[in-house]
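Protein chains: 2
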Amino acid sequence: MRACRREAVPFTPIWLMRQAGRYMQEYRDVRARVGFLELCKTPALAAEVTVTAAERLGVDAAIIFADILLPLEPMGLQLEFTKGDGPVIHNPVRSAADVDRLIEIEGVGALQFVFEAIRHTRRALRHDLPLIGFAGAPFTLASYIVEGAGSKNYVQTKSLMYNDSGAWHAMMSLISRALVKYLNAQVDAGAQALQLFDSWVGCLSPDDYREYVLPHTRSVIAGIASDTPVIHFGTGTGELLKLISEAGGNVIGIDWRVRLDDGWERVGRDKAVMGNLDPVALFANREQLRGQAKTILEQAGGRPGHIFNLGHGILPETPVENVIALVEMVHEMSSK
Amino acid sequence: MRACRREAVPFTPIWLMRQAGRYMQEYRDVRARVGFLELCKTPALAAEVTVTAAERLGVDAAIIFADILLPLEPMGLQLEFTKGDGPVIHNPVRSAADVDRLIEIEGVGALQFVFEAIRHTRRALRHDLPLIGFAGAPFTLASYIVEGAGSKNYVQTKSLMYNDSGAWHAMMSLISRALVKYLNAQVDAGAQALQLFDSWVGCLSPDDYREYVLPHTRSVIAGIASDTPVIHFGTGTGELLKLISEAGGNVIGIDWRVRLDDGWERVGRDKAVMGNLDPVALFANREQLRGQAKTILEQAGGRPGHIFNLGHGILPETPVENVIALVEMVHEMSSK
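Protein chains in written order, with the numbering used here: chain V, 1 to 336; chain S, 1 to 336.
Derived from the structure by calculation, the hints contain no laboratory data. Please read all numbers here as calculations on a predicted model, not as lab measurements. Among the clues, some could well be false.
Identical chains blur together in the list; that is why a pair holds if it fits in one copy or across any two.
[To be verified] Lysine to aspartate or glutamate pairs mimicking EDC-like chemistry, simulated, CA-CA at most 20 angstroms apart:
| no. | residue 1 | residue 2 |
| --- | --- | --- |
| 1 | Lys294 | Glu211 |
| 2 | Lys294 | Asp207 |
| 3 | Lys242 | Glu211 |
| 4 | Lys336 | Glu265 |
| 5 | Lys41 | Glu116 |
| 6 | Lys271 | Glu7 |
| 7 | Lys152 | Glu104 |
| 8 | Lys242 | Glu265 |
| 9 | Lys181 | Glu116 |
| 10 | Lys41 | Glu26 |
| 11 | Lys152 | Asp85 |
| 12 | Lys242 | Asp262 |
| 13 | Lys336 | Asp67 |
| 14 | Lys294 | Glu332 |
| 15 | Lys242 | Asp261 |
| 16 | Lys41 | Asp67 |
| 17 | Lys271 | Asp227 |
| 18 | Lys242 | Asp270 |
| 19 | Lys83 | Glu317 |
Given these sequences and hints, build the entire structure.
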């Protein structure tokens, strides 16, 4: 929490995106019993995997176990997680008429299970560990809503954006209003910080980001109760960091494709940053891993406002002992 | 050819990566009769699709129809193109022992069909249209050799790179020596310019690129007969452009994630650049398409040394009439 506010800290705090995930035996044991969506919707189990991961790894924050696509269901989208292939939306949005059929979320009661999981986690979690809530950012959610699945080239998404900008902006506004309600309700339930995942925004040119995305993301962040730190994250965003920072957030995520010092320069020194180890570095031997972590800490230069993390989520085949070793290394190397 | 040398030209030349491809009816007709690898290995047919695409579109260059993975077969790798899933290598390289089993290419006789296709095309092609030869760059080839297929996270590739840098460099050197022979033989057969496709290099951090890739790519480019212009291309390379330019090439490819003017600054004004329209812009209405093309021409600022292209290959579902319209627009808007 102090690093989010760029206050001095005794060592660089670290947590890892997707730290509760398939690479961890305890998580696989739970998933052997319940499906992915069922796990998200069972607060006691979501809390269990959240707390177990944070405590096992010795990280400095927990992030609630959930999925960025959960708010899509109350908007009228038929979401399914298929084995192996990831999320599928059976009624994707491809036209202005489809946009008109999306449901404006009045309350967030349908997502009560997320808030209950947050309350549950907050009770079970070590008192001094902050709990991060999160949501997908408008563009990344829109990309799933339009493509109906993950995508490589975002042809449908950009086609709608270019060919019916009215429908595009209407959809983005509707998503953004839902997100404000959803995120503030997470804070009310006990989330102490929030992360906005704009994971796929790096497929856009800077001009397209400015025109089709920035105003909407800005409205989401502006709508969040102002004393809650917001982490604004994306991948492949080297060219967008300045605009992403303009859109808002106290902490800006940087991936490994950009040197942390260069990225921080673009973000602005008045903001904190999070990153930026390549998730594949966790497959390297200890000497390599240590070297790469050290480089990142050196680029951060001991300035307040650096939260150590990967540049994207932990990969499923990652050896858990390397993750634990990384957490120890970062704490040790950054201790003053 | 003049744009490659940064000489004045009457209008901005344009060609499009993968301009002979599935989006075009004439290509699909040929592919209904022969498989992908068979097409590559039948010089008369490879020449036919090359020439047809260039003439139908009215572009200013042709690129020989071939695949970046063709040189892998004589190196002892079992390559197959499966329907829908793309290339598969049945005996991928995962260890130093696997690297030792790779075959050092002495001559390039096994790739005779490529040179024959170039000779055939050169005879059939309009006299004033230059013909571009090409190959995959060492890193992109290595990523297929190690992963055994396309990849999302390059876990095996980077694991070998990080955990056995000796084996990595040995493999990259062997690939690079083969590429020098292969590319020079393309020039001997009649290719007037060469493009090196480092399509997937954008997954690397700048430090990793400098250490594990740059020396090898540099040795390939340095080994090419010096009067042949070399186009050095990659995607997601915003942070790497300066290093890619250092590695060599007369023309540096820039993708749509970077503004062309920013990219050219990083590349250096003493080099030409190629790019950088988002391939998905070809799905937009004419007004949008024209606007995006105009922005790129404005960013190029009429300076000599800009070759108009997409930031990556034409997508299979692209409407061919939009491609033709783009070529006309670029010629018209850039005419002096």
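Structure-based check of all given hints:
1. Lys294 - Glu211: between (38 angstroms within a copy, 17 angstroms between copies)
2. Lys294 - Asp207: Classified as between; 13 angstroms across copies, 35 angstroms inside a copy.
3. Lys242 - Glu211: within (14 angstroms within a copy, 28 angstroms between copies)
4. Lys336 - Glu265: Close neither inside one copy (24 angstroms) nor across copies (40 angstroms); limit 20 angstroms.
5. Lys41 - Glu116: within (9 angstroms within a copy, 62 angstroms between copies)
6. Lys271 - Glu7: Only inside one copy: Lys271 and Glu7 sit 11 angstroms apart there, 45 angstroms across copies, limit 20 angstroms.
7. Lys152 - Glu104: So Lys152 and Glu104 fail the 20 angstroms test inside a copy (29 angstroms) and across (35 angstroms) alike.
8. Lys242 - Glu265: Classified as both: same-chain Cα gap 9 angstroms, cross-chain 18 angstroms, threshold 20 angstroms.
9. Lys181 - Glu116: within (16 angstroms within a copy, 64 angstroms between copies)
10. Lys41 - Glu26: Within one copy, since 18 angstroms is at most 20 angstroms while 51 angstroms is not.
11. Lys152 - Asp85: For Lys152 and Asp85, the Cα distance is within 20 angstroms both inside one copy (13 angstroms) and across copies (13 angstroms).
12. Lys242 - Asp262: both (11 angstroms within a copy, 14 angstroms between copies)
13. Lys336 - Asp67: Classified as neither; 36 angstroms inside a copy, 54 angstroms across copies.
14. Lys294 - Glu332: within (11 angstroms within a copy, 53 angstroms between copies)
15. Lys242 - Asp261: both (14 angstroms within a copy, 17 angstroms between copies)
16. Lys41 - Asp67: Within one copy, since 10 angstroms is at most 20 angstroms while 47 angstroms is not.
17. Lys271 - Asp227: Within. Shortest intra-copy distance 15 angstroms satisfies the 20 angstroms Cα cut-off; inter-copy 49 angstroms does not.
18. Lys242 - Asp270: Close inside one copy (12 angstroms), not across copies (27 angstroms); limit 20 angstroms.
19. Lys83 - Glu317: within (17 angstroms within a copy, 27 angstroms between copies)
The structure does not agree with the numbered hints 4, 7, 13 stated previously, though it agrees with the rest.
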